[in-house]
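Peer 1: In terms of our numbering, the numbers along the sequence shown are unbroken and rise by one, the last being 437.
Treat the hints as calculated values from the structure; they're not laboratory data. Here the structure is a predicted model, which means the values were calculated and not measured. Warning: the hint list may mix true and false statements.
Unchecked claim - Calculated pairs, SDA-like style, for lysine to any residue (alpha carbon to alpha carbon, straight line, at most 25 Å):
#1 K341 with Y406
#2 K88 with L14
#3 K6 with P221
#4 K315 with L7
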Amino acid sequence: MSTKKKLPLTFLLLLALPGAALELINNIYNVYVPIYLQAGGEGFSKTTLTLGFGVTAMLVGFWLTADNIFSFFVQPLIGAWSDRVRTKLGRRMPFILGTLPLVIIGVVLIPLIPTLIPPESSGQQSELVSLFVLFTLCCVVYYLGASPARVILQALRQESVPPEHRAKVESWYFFLLNAGTIVAYTAGGKLYELYGPLIFWAALGLYLVTVVLLLVFFREPKDLAEAAGTQESGNIKQLGSIFRNASAETRRNLLFFLGSVVMFAMVLSTVINFGASWAVQTLAVSETTAASILSFVTIAAVIVALPFGYLAGTKFGRRNTYVVSLAIALLGLLVLVFLPKVYLVGFAIFGIGMSGTLTSQLPLASEIAYDQSRLGATIGIYNLAYMFGFLMGANVAGVVIDATSYNFLFVSAAVFMAVGLLLALFIRANKPAAVTG
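Using the sequences and the hints, build the whole thing.
Peer 2: Below, the structure written as structure tokens:
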């Protein structure tokens, strides 16, 4: 694949939009499914527009952890499997199309089922067993489609462009996702007030349109499609080959990189899961104000996503962009530790660093890979490290808070970020190898 080709913006958007639309659905799911589960229950707001099942917060926590654990195990195997598939549509499209019916069924029914709850029965678990079972099955169906599709779309948009354009694709993906999320959390609220399922269905419609456009206008590079026949015979072997067949330098780079990803994901999980609670406890603000404070992270991330992506495509490179972004995120955490009164500045700086890190992480994983025909397996392993860190982060942060107080939350986060930055400094990114096979 030539690295001199200038790609049109329309092609970058063609690759970025499906993943952004799918992740937008997931963000909406993460906001409203906990409400559906808890609405009507004891201690939950009685003024909510939502009818629900009245389950405990503990069950909601398990619910939202279970889908991450599912992704932890499934995504690496799906990524490795997709490397080995040979069809007329290429290696990745069959998975995107095959998971589409599951996504459609899940997204159509998940918000619809709570509307079937009789108002007088909202929160009465004993009277809602059949609807709760159906709701649970629909969530399972949704994740059976969405989780595999996510890793496939990651691999597709990375392998379809030359190395210097990979961060640009990710920056457009990140920009579109966060801009769409802001719209969903603001103007989308009006749709929810009009009729609850509409916000889900609008996001689903966007995903359907982008998949159709991808099917019509995208063709997998021929050399990659033909390389499917040269891969390992099994998924586990395919994953193992990322290390087994690589040079000592590549293995070293991968290990340092994956360690850095784990540390960063732990920090991100800490901020996402406990940032609002920190603001309530430490700054003595209301829950709504705390949520508004955290929005500075997203706003800052959206503003700088595209500049970071295009910077990473210059001679400055993906590795240097990654290191600098981690350093900026660390600076933001240190502001929160030592200057909590300027918390808006701290969260904004962290958002800037987070944006650059997420924009450059996946391209750097692709760049380190010794064989560009195995990016499905490589990205699957990246997701394994990221999900492990994300799952660990919330648990470790909870232990830190219980053992000390919220005052030490960002101290621990800063330590993890510093370790991630240190590991990143040891990465010596390779020039991507040509496709073998």
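Peer 1: With reference to the structure, classify each hint as holding or not holding.
Peer 2: How the hints compare with the structure:
1. K341 with Y406: Distance of about 15 Å is within 25 Å: holds.
2. K88 with L14: holds, 20 Å
3. K6 with P221: holds, 16 Å
4. K315 with L7: holds, 17 Å
When held up to the earlier numbered hints, the structure conflicts with none and fits them all.
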